[in-house]
Every structure is written in structure tokens, then in C-alpha cells.
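Trainee: Dock chain B against chain A, hints included.
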Amino acid sequence: MRRIFSVLMENAPGSLSRIMGVFSQRGYNVDSLCVAPTSDQSLSRLTIITEADDKVTEQITKQVNKLIDVLRVAELTTSAHVERELMLIKVATLTEVARAEVKRNVDIFRARILDVTSQHYTIEITGTSDKLSAFSDVMGQCAEITESARTGVCGLSRGDRALRP
Amino acid sequence: MMSGAAMVVEALKDVGVTHLFGYPGGAVLDIYDALYAQDFVKHVLVRHEQGASHMADGYARATGKTGTVLVTSGPGATNTLTGIATAYMDSIPMVVLSGQVPSMHIGEDAFQETDMVGCSRPIVKHSFLVKRAIDIPKAIAQAYYIANSGRPGPVVVDLPKDIVNVQDSHPYVFPDDVTMRSYNPTLKGHSKQIKKAVASLIKAKRPVLYVGGGSIASEASEVVTELAERLQAPVTSTLMGLGAFSSVHKQFIGMLGMHGTLEANKSMHNADCIISLGARFDDRVTNNVDKFCPHADIIHVDIDPASISKIVNAHIPVVGSVKTVVEQILALLAEQDLSGQSEKLADWWGQINEWRARKCLDYDQGDTVIKPQKVVEAVYKHTNGEAYISSDVGQHQMFAALYYPFAKPRRWINSGGLGTMGFGLPAAMGVQFALPESCSVVITGDGSIQMNIQELSTCLQYNLPIKIICLNNRALGMVRQWQDMNYKGRHSHSYMDSMPDFVKLTEAYGHIGIKVDTLDQLDDAMARCFAEKERLVFMDIAVDQNEHVYPMQIKYGAMDDMRLSKTERT
Numbered sequence: 001m002r003r004i005f006s007v008l009m010e011n012a013p014g015s016l017s018r019i020m021g022v023f024s025q026r027g028y029n030v031d032s033l034c035v036a037p038t039s040d041q042s043l044s045r046l047t048i049i050t051e052a053d054d055k056v057t058e059q060i061t062k063q064v065n066k067l068i069d070v071l072r073v074a075e076l077t078t079s080a081h082v083e084r085e086l087m088l089i090k091v092a093t094l095t096e097v098a099r100a101e102v103k104r105n106v107d108i109f110r111a112r113i114l115d116v117t118s119q120h121y122t123i124e125i126t127g128t129s130d131k132l133s134a135f136s137d138v139m140g141q142c143a144e145i146t147e148s149a150r151t152g153v154c155g156l157s158r159g160d161r162a163l164r165p
Numbered sequence: 001m002m003s004g005a006a007m008v009v010e011a012l013k014d015v016g017v018t019h020l021f022g023y024p025g026g027a028v029l030d031i032y033d034a035l036y037a038q039d040f041v042k043h044v045l046v047r048h049e050q051g052a053s054h055m056a057d058g059y060a061r062a063t064g065k066t067g068t069v070l071v072t073s074g075p076g077a078t079n080t081l082t083g084i085a086t087a088y089m090d091s092i093p094m095v096v097l098s099g100q101v102p103s104m105h106i107g108e109d110a111f112q113e114t115d116m117v118g119c120s121r122p123i124v125k126h127s128f129l130v131k132r133a134i135d136i137p138k139a140i141a142q143a144y145y146i147a148n149s150g151r152p153g154p155v156v157v158d159l160p161k162d163i164v165n166v167q168d169s170h171p172y173v174f175p176d177d178v179t180m181r182s183y184n185p186t187l188k189g190h191s192k193q194i195k196k197a198v199a200s201l202i203k204a205k206r207p208v209l210y211v212g213g214g215s216i217a218s219e220a221s222e223v224v225t226e227l228a229e230r231l232q233a234p235v236t237s238t239l240m241g242l243g244a245f246s247s248v249h250k251q252f253i254g255m256l257g258m259h260g261t262l263e264a265n266k267s268m269h270n271a272d273c274i275i276s277l278g279a280r281f282d283d284r285v286t287n288n289v290d291k292f293c294p295h296a297d298i299i300h301v302d303i304d305p306a307s308i309s310k311i312v313n314a315h316i317p318v319v320g321s322v323k324t325v326v327e328q329i330l331a332l333l334a335e336q337d338l339s340g341q342s343e344k345l346a347d348w349w350g351q352i353n354e355w356r357a358r359k360c361l362d363y364d365q366g367d368t369v370i371k372p373q374k375v376v377e378a379v380y381k382h383t384n385g386e387a388y389i390s391s392d393v394g395q396h397q398m399f400a401a402l403y404y405p406f407a408k409p410r411r412w413i414n415s416g417g418l419g420t421m422g423f424g425l426p427a428a429m430g431v432q433f434a435l436p437e438s439c440s441v442v443i444t445g446d447g448s449i450q451m452n453i454q455e456l457s458t459c460l461q462y463n464l465p466i467k468i469i470c471l472n473n474r475a476l477g478m479v480r481q482w483q484d485m486n487y488k489g490r491h492s493h494s495y496m497d498s499m500p501d502f503v504k505l506t507e508a509y510g511h512i513g514i515k516v517d518t519l520d521q522l523d524d525a526m527a528r529c530f531a532e533k534e535r536l537v538f539m540d541i542a543v544d545q546n547e548h549v550y551p552m553q554i555k556y557g558a559m560d561d562m563r564l565s566k567t568e569r570t
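Chains as they are written, first to last, in my numbering: chain A, 1 to 165; chain B, 1 to 570.
Chain A extracted, bound-state conformation (with noise of 0.2 Å):
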């Protein structure tokens, strides 16, 4: 099953590490990883996409927390919550049936033109992720993609519930 892990620790050096340390010494898989530090500078949020069972995502929960850098480890899919990931697309447009095509699903998709040259578009899209690849499926339909980069998900829980230091 897919598993979305959220995880509150110290922003200091080393913790990235010792966490990733976890995961590739015990044998799970992190299919994707978003990090950057909070509101509050002292701490940084991590989100970890992987495939896991029950007991699995029991020993990466408890694991995870174990380390000494770690305040607070969740996994989301259990309960409602809210999932988003960015995506960057460079699309080379040589025709102009190309460049109306690109346009055209940039409306519907309710992305965003960055950048604009005589042969390339980038794009800007959120959403979930699978909403970002089916874009990327229509853009290599009608254009040529030259290049793309995904943040990997990030994500919090629906309501009152949240990761406190």
C-alpha cells in the first residue's frame, strides 16, 4: 500500500541523513521525499511516499521516531488529508499547433506558464500526483517534453490534527 510519512524533526545537520539511514539499512523503499524547514526555522518537515504493509509501517513509524533528532512521525493515508506536488515541465513547441495544443491543456489542467522562448514553454502544476502525470502523459502527446522536475508530495492532515513540537 501506499504510504504517505510525515515527519517533524531538528534542522540540524545530520538528522536527513540519519533518517534516510533508516530506511536503506532496514529495507524500505522511499519512492518519493519532500523537505524543507517550518515556520519555525529550528525544525524541518519531511514528507516520505513508500509501499508498505501494516507491520511495516508500524517498524518505519517507530523506527523513525526512535532517532534521536525525530519529534513527531505520522502516517497520513490512515485517516483525511489534504496532498500536493509540484511539478516543472519544459515542452519544446516548434509548431503552432503545438504551442495551442500546450496552451490549451495548460487551461484545463489550471497550470501555469513560467517561461516562454521561441521553442520552449515551461510549466508550473500542482495537484496530486496523479494528476501531474497524467499531464505529463497529454504534454508528450502534443509536444515534445525536454525536461521535467517533481518536488515529491507533501502533505498534512484534514482538520485539527497536526504535528506539534
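If you are wondering where the hints come from, they were derived from the structure by calculation, not from laboratory data.
Where is the CB? At the ideal position from N, CA and C, for every residue including glycine.
Any given hint might turn out to be false.
[Stated by the list, open to error] Stretch by stretch, here's where chain A covers chain B in the computed footprint (C-beta under 8 Å, at least three residues):
#1 251–260
#2 534–548
[Unchecked claim] Under the rule of at most 30 Å between Cα atoms (straight-line distance), these lysine-lysine pairs were calculated in the BS3-like manner:
#3 515/B with 504/B
#4 55/A with 515/B
#5 504/B with 66/A
#6 138/B with 62/A
Mentor: Chain B alone, transformed into the frame defined by chain A:
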């Protein structure tokens, strides 16, 4: 105001360090200079940094205090990794101070540079790379707090040379408070879980107490004994837990697991309630997890939530220190009428005594050739069961665990989780430094002893009267046993063709060596050995090369599927 190096030594004083096991080198010369000027912290100069790490470990196991290591950068640091991993696997409190190249050279592949924090990351509880001299006291204080609280473990403090420079001067402030917002170990069990555990224990008709290293780490011997006696239940112990509950107590049914006793493994398999006290359901205990204890309600008490339900699903998980949780259980039991307990468990004890009557530890005594079990029994006799026994890893370790009953905790010092050959001698040295009046014995083999034999030189420097009992079978006994059992006796590289003359070797190091070849010499030689109160004695004892350790669990089977000898099975 003082230098970073002086701050390191001052902080060690402030956390109460008495012994420092170390080896100097470029990156720590400033710290060594600061050590020169004081006599509070006693420095022990080892011969190899791995030895230092095991000495600190042995010191910690015998006392419960945190062991301390000081090494230089690069090879000095990496040589401690086996010792750190050993301590990590057995949850032993240890702090390793490693020198590092100057901050401005980190990452340049400088001389003797190793990313020690990175190298040790998977085998430490935590680590610090200290970046400013003024942070030294806090890092050291926190390192000791982390190492010896919650589930204990090793902590690395990496100190770049520029911050410990003796020329600089900084204000020294030892922190009043070392607590951290991200680290709050749970000591007390949840009251609801305690109630459930008590109900399960009272209901049980076939209970077993399964005692592990956590019972020793939390100093829970007394309360565990009280619990066992209140419940009148049988007690088994892991390799790591030996001594937490007296091995000479009538309720003790022996060690469990791969080389556990028949009665211990049978009792576990047939139990209706198992309370695990600081044990972790290691694969050397459970055998095939799918067949593990099918009838039992499992109560799992552990200070580390990650240990609970990691291998075997716990019906009643209790997170907390063994000592505190057992005290909570005893408080609830005090309100219960347990007068019917002996009657209720009569059938269970009847069954257990039948298993005991099989006397699974009996062995062929031999005529002239010396059986290794016999040697361990002789050590027991000549030390009145009062020695601190450190062991290496292999057959001799199992013989020591099975044939030397430990009446008290912290007397059995062995590398249980990692299984580190070469651990025994330096660990026994750590014991002797911590407890100078104690009788510190190493039970080892001809393979293991050669892995850290250079420390005999350290023993001479510090006059450590350790007794080394080497069960010399001219082979790597446990490897050979497995080759006999599983590889049709093809002894691939499990013997050594050119053993040193251990007596001469010992004498060359300035100690006493005694060689024993036949059974009739054993008792006198042993008496001579233990009569030498001031000197180290190395007993090179030729034992039966073909002896196997039994009982032994049969792979993929249940706990109680066992070989009892070369020809008998359960």
C-alpha cells in the same frame, strides 16, 4: 576560560568519567596534552583501538556506568567501529570521542580523515560533530545522557582538531539541563496495559517469565525475582539476561533458544502466557517465528517501542523500563490473593520437572581427553561461582553460558547480538579496571583469543591479574560443528595449521602460561591459576576437538524441536 582540549577533559570530569580507554594520534594530541595535566580521569593506553572500545564496553556491562573511548581520526576512529556495533547490538552505554581533521579540511580527503559520523551512523544511538569549542561541554553532557538513558547505546562525539586547539581560550559552561525536546524515553508503563498484563498473569496456568538484557540494563533483578516468586512461575533467560534472575534459583529453568535447555524451550512452546522482560525475540531465541509459542498470550515489556511486535506480535505490549513496569505489576499483584497459585501451577511444574529429569546438559565425561564443559565447571568450582566471566564467541561461549550458573547480574559479559570474536580479553580488562578487587576471567577459544591478543601487553602495563581460560580445540569449534551437521563434515577453513605456543607467547608478554593436556592435570592447574592473585595467567587447555554444543534447535522448527546429542532429537 580554557582551551577546547581542556574543556573536553573538564566535561568528562563533570559527567563523572573515571576511566578513558584510548590511543593517541595527530588529531587528538591537544586533548592528550590536556589529559597530561590532571589525574582525575585515568587514561588506559591500549594496543589497538578495537580493544579500547571493548574495554569501555566491558566496563559498562560490569557496572552499568557509561564506558568511554578516546581515539584519533581516520584509522583510530574506524578501528572502534566493531566495538561500537557490538555495544549497539547489546544496548550498552558507551561514548566514543574521536578526533577529526581541522574543520577547514573536512571534505578535502585530508591525512587521516574519515567521515566518522557517517561511518558510524547505522550503529550508534546518536552522534555529534562538534563545530565550535563552546559547544563541547553541552555535546559531551548530552552524549552521556543519551548513551545511558532509555534504551542505552553508543554515542559518537567527533571533535575537529581546530576546536580543541590548546592555544585558544573559551568560556566553559557545563549545562544544568541536558533534556532535549525530541528525546523523552518512556519509563512508566501505561496503567491500562499493566492491568491487562496482571489479569493475564493471574489467569495463566502455564506461565513463563522470559528475561532479557533489559532486566539487567534497568537494574531490575530484585523486582523480577520478587515477581517470579509471587507468581511461582518458571523463569528462563536469554543469553544477554543471564544473572538477572539467579541461575541457581529453583524456579530457573535455564537459558532458552538455539542452545537453550530442553526444559526452557519446552516450557516456552507449551506456555499459555509469556511475559518478556527486556528481551527482543531474537532469531537465536525464536527459531521459526511461524511456529513460535502457539498457545501463549505474549506480554512484551520493553523500553524501546520499536522492539515490540517487531518479530513476534505482542498481545499485550507495555512500553517502559523493566524495573518500573515490574514494580507497577507488583503493586497491582499486592491486592490479589495468590494463595492458590502453587496448587494452580502444580501440573505445570510437574510437567517441567519431567523435562528437567531428561538432564539435557549431561555430557560424556571422557577419560583422558578434556571435555570443554568440564573446564567451565572447573572454573565455576575454583571461583566459587563469584567470578566475572567474559567470553568470546563460539562454542566456548555457549559452554560458559550453560555450565557456569550466574547468581548475580552483570557477571556474564559477552557479545550476544553482534557475536564479536576478540571481545573477551579486552572486555575482561574493562571489568578489571572497573572492579579491581574482582576475579575477572576470560573464557575463550584458540580462534577468538588471537583476534585481540595484543592487549596482553596492556595487561602487563596496568598489572591486570586476569585469568584467561582458553579452550583450545585447534579449530573454529562452532564453524566446525555446523560443518559437521550441515556440510557433511567438510571442514572448509575451520582449522588453523600453525597455532602459536600460547604459553611462550604469554610469557613473552610477561605473564604466566600454563598448558593442560590431560584431564588428570586439570584440577591442579586450575588451582595454580586462581592462586595467582597478582599475575595474569593464560591457561591453554587442550579440549576435545569433536565435541558439539547441545542442546541445539533444529532449523525451521518450533522452539522445542531440538537435537539433544549427536544422535538424539526431541
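Trainee: Going through the earlier hints one by one, which of them does the structure break, listed in rising order?
Mentor: 1, 2, 4 and 5
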